[in-house]
Amino acid sequence: MNQIDLSDSGTRFFISGLQNRNWDSLVDKAFTIIVDGKQQTVKVLSAYTKDAKDIDCSVYVTAYSLSGISVWTSERLLYVNLPKVTSRYDIDLCYNGLKYIAKQYPKAKIQMLVEGSSDSDDATIQEADLSAEATKHAYTVPSETLKKLIISSSETVILPGVRRSMAFAPKFFQTELKDRSDEEKVEMILDAMIDLQWLGEVEPRTDLKTFLMRWNPEISNFKKKDYNELLKAYNQGKEVGLSWSVYDYMQLSPGDECYMMCVGGKHKGIVLHGIINSYPLPDKDWSGNGRKTFYANIIIDGMAPLEKGGIISEEQLKEKVTSFFDWGKGHSGVVLNREISDRLNEVIDDLVYERNQEEKDTLYFNVDKDTFEAAKNGLMDHVTVNLTEENKENFIVAHEDGIALNVKELPMYSYGAYLCNEGKFPYVLNPINRIHLSCNDKNIEVKVRDITTEATNRFRFDDEQKMPMSDPQGKGCMWKITYHF
Numbered sequence: 097m098n099q100i101d102l103s104d105s106g107t108r109f110f111i112s113g114l115q116n117r118n119w120d121s122l123v124d125k126a127f128t129i130i131v132d133g134k135q136q137t138v139k140v141l142s143a144y145t146k147d148a149k150d151i152d153c154s155v156y157v158t159a160y161s162l163s164g165i166s167v168w169t170s171e172r173l174l175y176v177n178l179p180k181v182t183s184r185y186d187i188d189l190c191y192n193g194l195k196y197i198a199k200q201y202p203k204a205k206i207q208m209l210v211e212g213s214s215d216s217d218d219a220t221i222q223e224a225d226l227s228a229e230a231t232k233h234a235y236t237v238p239s240e241t242l243k244k245l246i247i248s249s250s251e252t253v254i255l256p257g258v259r260r261s262m263a264f265a266p267k268f269f270q271t272e273l274k275d276r277s278d279e280e281k282v283e284m285i286l287d288a289m290i291d292l293q294w295l296g297e298v299e300p301r302t303d304l305k306t307f308l309m310r311w312n313p314e315i316s317n318f319k320k321k322d323y324n325e326l327l328k329a330y331n332q333g334k335e336v337g338l339s340w341s342v343y344d345y346m347q348l349s350p351g352d353e354c355y356m357m358c359v360g361g362k363h364k365g366i367v368l369h370g371i372i373n374s375y376p377l378p379d380k381d382w383s384g385n386g387r388k389t390f391y392a393n394i395i396i397d398g399m400a401p402l403e404k405g406g407i408i409s410e411e412q413l414k415e416k417v418t419s420f421f422d423w424g425k426g427h428s429g430v431v432l433n434r435e436i437s438d439r440l441n442e443v444i445d446d447l448v449y450e451r452n453q454e455e456k457d458t459l460y461f462n463v464d465k466d467t468f469e470a471a472k473n474g475l476m477d478h479v480t481v482n483l484t485e486e487n488k489e490n491f492i493v494a495h496e497d498g499i500a501l502n503v504k505e506l507p508m509y510s511y512g513a514y515l516c517n518e519g520k521f522p523y524v525l526n527p528i529n530r531i532h533l534s535c536n537d538k539n540i541e542v543k544v545r546d547i548t549t550e551a552t553n554r555f556r557f558d559d560e561q562k563m564p565m566s567d568p569q570g571k572g573c574m575w576k577i578t579y580h581f
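Numbering follows our numbering, in which position 359 of the sequence shown is assigned residue number 455; successive positions increment by one, without gaps.
Wrong hints could be hidden among the right ones.
[What the hints assert, rightly or not] In the DSS-like style, the derived pairs of lysine-lysine whose C-alpha atoms are separated by at most 30 angstroms in a straight line are:
#1 Lys199 to Lys244
#2 Lys334 to Lys320
#3 Lys414 to Lys203
#4 Lys425 to Lys321
#5 Lys388 to Lys205
#6 Lys414 to Lys425
To be clear, the hints were calculated from the coordinates, so they are not data collected in a lab.
Generate coordinates for the entire structure from the input sequences, incorporating the hints supplied.
Written as structure tokens, this is what we have:
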């Protein structure tokens with residue numbers, strides 16, 4: 097299907113000079129509109145997180161239409177994103193909020209990101225114009241954009257929104273509504289955005305993008321030792337992140353995913369995966385060349401050792417994903433097209449599954465074969481064999497998880513049976529930072545605060561009974577691992 101996707105994200109505003117504010121209260125008071133003579137505040141989403149530097153952040157989506165605007169705050173800055181095609185209600189929400197901030201906090205500095213000309217990649221940050229004329233001009237942007245799209249030959253046009261995307265078919269307007277004026281056609285689309293049916297529960301965004309970050313450890317100020325320290329913290333179950341330069345920063349939004357490609361040294365390939373949790377942040381050029389540079393904060397949710405070829409090597413990318421895309425050359429922070437990103441995710445999922453199967457079926461050295469078979473036969477699919485990196489110890493691990501919902505400190509217990517020597521500390525397999533709970537038909541995401549381990553009884557695997565048996569002289573050790581939320 098031939099379709100057009102508006103890749104730019106509209107207008108972005110940066111507000112500084114608002115340190116230590118109550119963001120919830122500020123957003124509630126600032127971003128309001130008058131509808132039918134009544135002041136309206138429509139906050140669709142509030143979320144709280146931390147950026148890569150462990151600074152508290154808040155993300156809001158406020159809207160009186162399908163599209164909406166997003167407000168992202170950190171310790172020192174507030175960002176507002178206004179989509180290119182949206183209703184007048186959301187434009188009013190945006191400018192009303194900015195004018196409120198300008199009036200209440202005269203020392204605040206309100207700037208906006210302005211794209212360069214069509215033949216230039218440059219963009220500038222300049223003082224925001226909040227005059228009546230500027231607001232009036234903002235009304236014309238969606239209309240003029242839609243007029244151009246309606247006469248396109250595309251089957252489908254996707255209008256990216258913060259709250260939810262919207263699609264329409266230009267051919268329908270060209271044929272079925274050919275007697276209507278352009279203005280009437282535009283109003284039909286904009287009116288559909290404010291239909292009251294969209295003011296209830298909405299589905300998550302479906303137009304999230306995939307970015308490819310590139311890293312050359314031979315020239316970057318982020319070295320291999322920095323990566324290995326990050327990997328160590330990640331393997332310990334800590335929440336880790338990075339701030340990385342982004343070339344296609346105008347297309348970036350919180351929630352987008354990214355892969356990092358190592359393009360220098362012996363081990364070239366994708367080494368980590370993460371989720372973007374900020375809007376593009378202007379900062380100094382990491383290389384010291386004075387270039388205009390924007391960065392994104394990344395929360396990492398998957399890493400692999402460089403020495404093992406990362407998650408997927410450059411050769412595998414060319415062979416299994418596509419050889420028509422130059423994985424090793426180009427800017428950092430470029431958007432992958434949907435075809436490549438879908439194929440990349442599919443290939444990596446298959447590789448991870450294959451490796452997990454190999455680990456389950458592989459008997460590493462120094463593990464007694466009879467004990468291994470007894471454990472595997474007795475515990476069936478719950479048994480995993482794992483070789484740790486730090487002490488080269490082999491563990492046979494059995495999991496049994498339970499969740500208690502009626503206590504103040506929500507515990508999740510994992511009982512692990514470890515084949516290990518006396519005094520060895522257990523290695524926590526698959527440490528989790530968050531867990532999704534289902535309660536009253538609602539999904540709740542809870543962040544893990546801490547992990548504690550307690551040694552309990554020792555045991556041996558009984559070959560006849562096909563199960564672990566208590567034995568003070570046994571080589572096995574039972575541990576209780578508690579996730580504190």
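Query raised in the report: Which hints, by number, does the structure contradict?
Result: 1, 3
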